[in-house]
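From these two lone chains plus the hints, build me the complex, please.
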Amino acid sequence: MVEHVLQTLPQVVIDGLALGAVYAIVALGYTMVYGILELINFAHGEIFMTGAFVGTAILLSFSAFGWLSSMPILLALLLVLVATSITTGLLGMGIERVAYRPLRNAPKLITLITAIGISFLLQDFVRFVTELKKGNYILTGPSLFTEQVSISASSIWSGFHDASVKSSFFIVLVTAVIMMVTLDFFVNKTKWGMAMRAVAQDRETAALMSVNVNKVIALTFFIGSALGGATGVLFAIQYGTIDPYIGFILGLKAFTAAVLGGIGNIRGAMFGGIVLGLLEMFAAANLPIVSNGILGAEYKDVFAFSILIIVLIFKPEGLFGKVSVEKV
Amino acid sequence: MKRKKAFSIFTSATLAIGLLAGCSADKTSETAKNNGEGGGGNVIKIATQSPLSGGAATLGESIKLGAQLALEEQKEKFEKLGFKLELVPYDDQADPKKGVANAQLIGADQQVLGVVGHLNSGVAIPSSEIYEKYSIPMVSPANTATDVTDRGLKTVNRICARDDFQGPAGAKFAVEKLGAKKIFIIQDKTAYGTGLAEAFKKGAEEAGAEIVGFEGITIGEKDFNGVLNQVLAKKPDLVYFGGMYTEGGMLIKQARDKGITVPFMGGDGMDSSTLVEIAGDAVKNTFITSAAGIATTTEAGKQFAEKYKQKFGKNIESYSAYGYDAMGVLLKAIEEAIKANGNKLPSREQVAEAVRHVQDYEGVVTKVSFDEKGDNKYAKIYIYKFEEATYPARLEDEVSK
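Same order as they appear, the protein sequences are chains H and X.
According to our numbering, the residues represented by the first sequence are 14 to 341, in order.
According to our numbering, the residues represented by the second sequence are 1438 to 1838, in order.
Next comes chain X alone, as it looks inside the complex (with noise of 0.2 Å):
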């Protein structure tokens, strides 16, 4: 009995001093880190935001990835500066309250001067609350959703294009090219989902096709059978969904086995290689409008795609490029703000005032020019073919503003 009371007086004194020595060591090599780098006044640090986990973590990784790569290219030319840049990717899971507690991390640390990020517009909104606070500039690679900057923050700002945008550009050429006249609309009831399939509802009414229905699914759900009953009874000549890869993968499948052969349409979110693993065969005839240009049409998408597979053993997806576009902006109006500040440290506030200056900026897929709301006024919404189950699909569309 008395040799137990001595042990665990032992483990317990030696897990206190454990702690005590983890703790004291952590704070000088803090400090050291600080006083080596002339406190800490020369580093730049970029944070990403975006799934790193999870369901899509496919397309959150992409755009990790993607800025990854542009920051270490420029890595030289900011040394040459006099700045150290440094990536700081968070994980936000997808989920809202997750970004914003990595939102508080982010403008907790003195040293963040801009954020890529984020992949959902769900979780951008509330954590871009943060940013501002912070006056921490953002740059959205790939969130469509019209409330994002529709705020009027001044830190927040887009590369891609809006789905008030993206709906009717789907509609119009749902219509218009694919001669639909009856439209069956399914959408998974979150705010991404439903927004996009009212302003595709919206369009499709206007452009003169009739909607024969609208319902919801629910997210996580394996089966189904019963709303696609539904399409089948209506026999629409286009069902369209506004959701994400996952379910829509499963939806086109599911549709083709009963033998439901009129095209789907999807929105960005169903723009990524899971979907094709998913749905296999019955993904032909499948379109998706999306925000993301192919990178690989031109000459310079060309090579960051080779790079890209190169450096990290993957290839491209929707939004590398994007994240890879977002991470160029950014760092470009840092260069500015650095500059104009008489070649010292800029203010986060500088910062965000130089990134909504940028004027044709000319990225690997899509120039960028960011109007007073922070939208870029070169975005464009592309429309793509699945005609075999590969991906990426073949583009069919292009549409600007």
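Pulled out of the complex, with its shape left as it was, chain H reads as follows (with noise of 0.2 Å):
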């Protein structure tokens, strides 16, 4: 049983890091709302599914005028890249002033509800759009990054079977960290990230200090808007088929991380993530035979959500949080 579990170990982490790191920079953006604004942004699953979709849309129109075969397949990549996150983050900030600005000081619950109805808002125009221009749902882009890269993981430790991947796997990898350490350092080295760690703090004494509110909030949904669309494109080169609905199921796992970090923590919100897609995955290939056909594969989403509740119940505050001090 042991030995099972050791052999497809390395297989397993590889494939839970990918999935892990989706997880983290989506759940970024779930973190930084709630950080300035206390709100649970939860249309941000949509807003990562809507880049999934708008992501596609530029590789799959790039491949008709054939452009993906003539330029460099990383240039083809970045460009997508930027594209889609100035869209997301565009449609952040609009939902921002829509749905969000005019109810700031309102209950926080009405705020909890125009969100669910933004995101079936922005589910059901992407569904429509896309059934309108190819008369299915269901879309699949182009592969890219498809080599398969063999990583022998026996030569560690005999014990070990060796591991594959695709080579799309770095560039989601590499891409996530890249744009969770310049969050980090936009945040905590910048004069705007100052300004939003002060908004976090206190709204009203910020405003005093002359830091523009208003602005600052929309940048937070800017940033935050813009990781989720470029996850959503990293996520659609890594899957290949994206459909409306993906940004449920994916932003409440994301959610999850946020609180199983600390929700409000960037750093935690990014560990969050990455354990999360680790125990996942961990438990899709292990349970069966840790439990002894019990327990199957399907009930992976249990055992990462039962760790959560026995972190929540022993750890409030979640992994890397602070114990809040109610402002008086």
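Careful, some of the hints might be misleading.
[What the hints assert, rightly or not] Covered stretches of chain H, going by a simulated chain X footprint (3 or more residues, C-beta under 8 Å):
hint: 1; stretch: 227-238
hint: 2; stretch: 247-254
[Unchecked claim] Taking lysine-lysine pairs in the DSS-like style, the calculated list, with each CA pair at most 30 Å apart, reads:
hint: 3; chain 1: H; residue 1: K147; chain 2: X; residue 2: K1746
hint: 4; chain 1: X; residue 1: K1804; chain 2: X; residue 2: K1514
hint: 5; chain 1: X; residue 1: K1822; chain 2: H; residue 2: K147
hint: 6; chain 1: H; residue 1: K146; chain 2: X; residue 2: K1535
hint: 7; chain 1: X; residue 1: K1514; chain 2: X; residue 2: K1769
hint: 8; chain 1: X; residue 1: K1626; chain 2: H; residue 2: K147
Just so you know, these hints were derived from the structure itself, not from any lab.
Backbone N, C-alpha and C fix where the C-beta goes; we use that ideal spot for every residue, glycine too.
If you want it as structure tokens, here you go:
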């Protein structure tokens, strides 16, 4: 049994990292908005989904014009990432302006409801456009980065089996790390980042200190949504097929990751995302073996969420969170 | 302030009048229609129910279009008999609740004499309870679950094969023709997927293969690497998937990315051009068992495919011809019921009885004779292989009962 688990471990870790990286960047969007507005932006999963669709649409039109074969593939990826993140960033700002800003002083529950409303709106809008264009809302993009890379884990220790990955795995991981590090730098080291932290701490006082609160919040939404959109592109490249409902389950899990790491904490969200991805993959691959066939792979989510509940019982502020003191 | 109030009163008054006018206009036009057609006595409506939106819309629409084609071709014949045929398509959204709600509407419409549908067994089973209540005959082009006809309802018939025939037929092929000794089974936890996977498992074990894994996945997920890592560890000779083409396509693609090169096998839920679109080149070396035969192997089938393409601008899908044949069976029964009733409009019960008595109907893809349960005696299972990333796949084998 243990031997079996160990054999597949390298492959499980690699797949878990790829999934975890996606969770982590989506979780960043939740955490940023929550950290500043104490608002759970439930439309974030749908922004991610919109990003996946916009990115795939751009890639498809690139290949229709024949540009995909004529330009370096990394350049194409970069163009798509930039274009998509600007689009979804602006979309996020628009959502904030329309659905959240007018309600900023309303009870929390009301903004939660508009958030859910926005997410349904986005789902159906994307579905409508895709069905109009394609007659079917399941979209499959051109496959990029399909070379197989074999990682000879068995040379490290003979008990491991070799793992193999698609090269898109590295693209996802590297891009995710770049995005996370840049964001971390931006929030902790720049003037705008300082303004964001100030608004997060106390909106009124920050306003008195001549911080333009509306601008800072709009910027937060822009960055959070741009990251979400870019992740959508990465997701579409890694998994190939997307539909308008991918944002729901993934958004829920990314939210969980944010809570696991301590919601409002950026490093916590990254950590939580990676942990959740690894846990989920480990559970899917090993649950039947460990439980002797009683629990199947389909119980992976129960497993991951149970861990979340345990963490929250014993450390309710999350793994990285600080105990918040009620503002007086 | 005053003006505002006056304005609101004015608008609500307009709305109220508009509503009243709308209602009355509706009523008058309806009565006019009924009068014009001799009290509605000579209109025969046939309903279709299949998912026209949602993930299975590709297959659902093909059923509707096939049925529509058959209906339009026979319109003239029925006009000579003095009846006007009408198609009323319903969208069940692959959702049992929606299917049952639609079935209530169909039952309430006295002019409906038959239903062609559904695509999903999970929808057909509860909906057919309603059809039975109103005695509306249903001819199903695509429901393979055993429970559809095993409940012994008088109105439920199907022209395709059953799962307890499809699963073992696939298993026999996998073990005997492909030489699979160790088989890994994945299913999607739906009534369809689990039922088929279990029927396959039983058949494979009887044929002498070893089942090295029986795992479930969740519909709507996109990452199946966890389950595939188990497949990788168990090194099976064949992977069987019980489920629909969306998950099936992703599963095959991710498996090939992981270097799992063994053949995949699936049921009729994977029989769709979207499977090829999703999986791309990875679809090579995939086998599917299907209750649906390729229409284009016969001369009549080729003509049908051409007519279909010409009329709708689309290529036929697996169930297009079955939709066509299901409608054909239904219309033949209605015609016979009319004749038996002295060229007058038959009742629903008479039509239901006539449907069950249909013998040796020659359709485009299948011959139809119903047994006492409503299953087609001539139903076959077809086994296809994807050798290229094109749809439809190549016919490999045919299994009859």
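Results of checking the hints against the structure:
| no. | hint | verdict |
| --- | --- | --- |
| 1 | 227-238 | violated (count 0) |
| 2 | 247-254 | holds (count 4) |
| 3 | K147(H) with K1746(X) | holds, 18 Å |
| 4 | K1804(X) with K1514(X) | holds, 22 Å |
| 5 | K1822(X) with K147(H) | holds, 27 Å |
| 6 | K146(H) with K1535(X) | holds, 26 Å |
| 7 | K1514(X) with K1769(X) | holds, 11 Å |
| 8 | K1626(X) with K147(H) | holds, 29 Å |
Hint violations for this structure: number 1 only, all remaining hints satisfied.
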